[in-house]
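There are 2 protein chains.
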Amino acid sequence: MKGLMQDWPLLASTILDHANTNHGEREIVTRTTEGPIHRYTYADLHSRSRQVAKALEKQGIVLGDRVGTMAWNTHRHLEAWYGIMGLGAVYHTINPRLFPEQLVYIINHAEDRIVFVDLTFVPILEGIQDQIGCVETFVIMTDAEHMPQTSLKNAVAYEDLVNGVDDDFAWKVFDENTAAGLCYTSGTTGNPKGVLYSHRSNVLHGMAAGSKDAFSVGSMDAIMPVVPMFHANAWAIAFVAPMMGSKLVMPGMQMDGASIHSLLEDEQVTFTAAVPTVWLMLLNHMEEGNLKLSTLKRVAIGGSACPQVMIEKFEKNYGVEVMHAWGMTEMSPIGTLGALKAGMENLSQDEKIKQKLKQGRAIYSVEMKITDDNDEELPNDGVAFGHLKVRGPAVASGYFKGEGGNILDQEGWFDTGDVSTIDSLGFMQITDRAKDVIKSGGEWISSIDLENVAVGHPEVAEAAVIGLPHPKWDERPLLIIVRKDGSNVTKDEILAYMDGKIAKWWMPDDVAFIEEIPHTATGKIQKMALREQFKNHRLPTAAV
Amino acid sequence: MKGLMQDWPLLASTILDHANTNHGEREIVTRTTEGPIHRYTYADLHSRSRQVAKALEKQGIVLGDRVGTMAWNTHRHLEAWYGIMGLGAVYHTINPRLFPEQLVYIINHAEDRIVFVDLTFVPILEGIQDQIGCVETFVIMTDAEHMPQTSLKNAVAYEDLVNGVDDDFAWKVFDENTAAGLCYTSGTTGNPKGVLYSHRSNVLHGMAAGSKDAFSVGSMDAIMPVVPMFHANAWAIAFVAPMMGSKLVMPGMQMDGASIHSLLEDEQVTFTAAVPTVWLMLLNHMEEGNLKLSTLKRVAIGGSACPQVMIEKFEKNYGVEVMHAWGMTEMSPIGTLGALKAGMENLSQDEKIKQKLKQGRAIYSVEMKITDDNDEELPNDGVAFGHLKVRGPAVASGYFKGEGGNILDQEGWFDTGDVSTIDSLGFMQITDRAKDVIKSGGEWISSIDLENVAVGHPEVAEAAVIGLPHPKWDERPLLIIVRKDGSNVTKDEILAYMDGKIAKWWMPDDVAFIEEIPHTATGKIQKMALREQFKNHRLPTAAV
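If you read the protein sequences in the order shown, they are chains A and B.
By the working numbering, the letter at position 200 of the first sequence is numbered 276, and the numbering carries on one by one without gaps.
By the working numbering, the letter at position 192 of the second sequence is numbered 268, and the numbering carries on one by one without gaps.
With the rest of the complex left out, here is chain A (with noise of 0.2 angstroms):
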């Protein structure tokens, strides 16, 4: 028997109309690409993103299409995300960081009609028109006056192509379960695959994000998403930030400690959200320059591990509360978020740091659990760690086109690479990704720890730890290090160091010193490319 409540669909249209009728006064303030601050409302943005998708249909675009956008957080990039959903084309956010030739891969496998195209990146695609002949117009997101001299097939000015029509456009209707938005992952091996979204799952996502234990942001709060919209949705707060009617502060291109502080400060931002490289910018910024933070009371720190350092700057320093934020483009991003429960406020600050170290814990509608590998469920104690599977209505069921094929167990659960423990209390801490733990015995022993007790010895810069094949024990770890400019630190001193702090057989069988330890783009140790380096080391243990 069905309930007898009314058919409202989850669609993006519901969110901006909501910020329209609820929030139409507020504001939405953007660095533009062009230099100057812009300012209007969410009664603008309401209009335009009509105007938008008015113009888009008048192109031919209709349910389904693809439509690219490669460009920065800025107004201009929420008309087109809104307008593009509310026409029920999907938005496909592409980061310029790719390579070319993954440029290239993404936007043909994607099939993208249009692309929305920022000032910056106009050159990257002249650069590679050639092999992207399914793009049929490129809208460069500027004004007539600031059009560039371009290449690019039908380049149009934005604001050519949104005043050319008015805002007389009816969201289209129709199932929530509609494609909304489209965003490759750039896996380590293989070509990106694609993580394509629901309206349903962008509206049950950021429903979740918005609430008090997660983002915690309502109508007096002004949100600055320095997390790229290119970079898993902005943490989903181009959803959050109009669901709740909060001000919205875009900061453009412009990412550096300067450009991001006096935007904290001149907008009154009190939430913000972005990977740790930022912070760490923006904490040098207010150092040398001896700056506070006035209104800034939460930042969501994800994207990789935050720093203990970066916690105890911004909470001791700049009375900044740190929410350690975990999650993946596969999970709308959000997954966790490191709020404190009740009696953890009578803990001492060094305490809570501690606790904020944990990658948190899981919003309500993501469903977490950690396997051994014969995918026999681990006990949620804080000790156990194994492989970290997700469940939810923002999760992945697949990629798009069936790349990569059935990515679900028989339950549903999807495996996301990384290897956790969860306490008792729900917080979940990152030990490893499953593909860097080494098994030793059959037992498993997690590198980044490893990494995290060495780089403690005052002469080590840096720290990697990789498993090497081992006749008795499968595989041992050996550990890697950088040592700090004039340091003669040796093996045997850092492994004393070590003696004590870990137990006595994850003690890595061997220590080689070397230069320079290779990072990716995003800053993550390449363990790959180490493995290949190392691929001939015999560790001393591995006689026979």
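It is possible that some hints are incorrect.
Just so you know, same-sequence chains aren't split out, so a pair can sit in one copy or run between any two.
What the hints assert, rightly or not - In silico BS3-like links for lysine-lysine, alpha-carbon gap of 27 angstroms or less:
#1 K548 <-> K78
#2 K373 <-> K248
#3 K78 <-> K477
#4 K373 <-> K428
#5 K600 <-> K577
Just so you know, the hints here were simulated from the structure itself, not pulled from any lab data.
Given chain A's structure and the hints, the job is docking chain B onto it.
Same frame as chain A, but now just chain B:
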């Protein structure tokens, strides 16, 4: 094209699973019907609810069956709800304050197969059990020790039923639109009509109601729903609290000021919700004993308009923020909540209180508009008032078994029967019930506005306004006054007092004095009775 997100139906069981995994240690505290305070955790609730589901399945209850509950807010009532829903059956909350003939009607109409009943209400059901033959089993919500002598058919003690099985029960999985709950509205005319909630509507409504500008609750909060679970889902709190990990404090049957105050203090409640009557009792109790509230931050007040003096006392005397709330059984029930918006933080306390007299802003997923008699939308300017209409995924599309016919217009709007304004910031204020508005010469006069002005006169104890027929203006207002003891205030003095406080053409055409104004069980003025009483009253202005 569909998105590629997981099929994860929004079922009530997902809420309890979330609480169990992430907030298993969090407390649920109940003042039991038997007397003592009972304490356990969400992990216990999770376990016991599965026992209820398993026990009901053993009793032959299947998907879609209705199971009645006639019970106070207790941990057992929660277990019954989640057990019933987890099996795919439908909880039917029975309001014990209904007249016996209404109880007979709704239990038969719902075809309840089992009824869970608190000790308090056993005599009521005994009195009507000959007329409710559909009920096969009565479960008395107590243990063997407290089991009363009863003639109720197949009466079994709740604890015996639950402890007769273990908790090895896997929640049933089904379409999220499956019926979950049933609640009858006690309309002023005709038979009660059943609102049939779905799992989807309950889950979505819980997500929206918990957000920062609504209840604003998280895992640090302790929530006490004084509003009964049989009164429109306890305003969603039974869903919000486990979803957010808030501690739950269940007041049971004792709603007097002393009992409520001691729970608020002893259990460190931060958020509570109920109708004005309850808060009047609490405020009187606190004033008499010169008591304080040491942890309560916010109180939601709805069901009927919250008097200004109540807002003032909570905010000024006790430092508790008042959230005026409005909703309907047909809306699951929350429609609006009066959270202030950006900019209002700088208002004086009196200005804030004035703003809080409005019923508040729509939560996300509730659409509102006001229309004139021709269904033309009126402006959201805070001045125009019209029929308040709503849409949303937790708004009824019809009543159980089709009673009352089609209740939505062609665009899916449900007419609330209220007349209201909506201002440009989204704040809605109820002006009147549509049936009580006085239609004078094609224009509307709010009976409530006139009453509010009239009761400002120091010698007026209570005032009511009804429309009487008028040959020229169709209707004109009659003001009906109950004088304060010893007063002899006259018609002319009353009208002189009102002069200048209302539009000239709103001035009542006559004033009548009576000893007592008739009220409903919930304290509302019975205008229908007044219209009957004054049906032969002739307005002096009506002489041709």
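Structure-based check of all given hints:
no., hint, result
1, K548 <-> K78, "neither (60 angstroms within a copy, 50 angstroms between copies)"
2, K373 <-> K248, "neither (38 angstroms within a copy, 42 angstroms between copies)"
3, K78 <-> K477, "between (33 angstroms within a copy, 11 angstroms between copies)"
4, K373 <-> K428, "both (16 angstroms within a copy, 24 angstroms between copies)"
5, K600 <-> K577, "within (24 angstroms within a copy, 70 angstroms between copies)"
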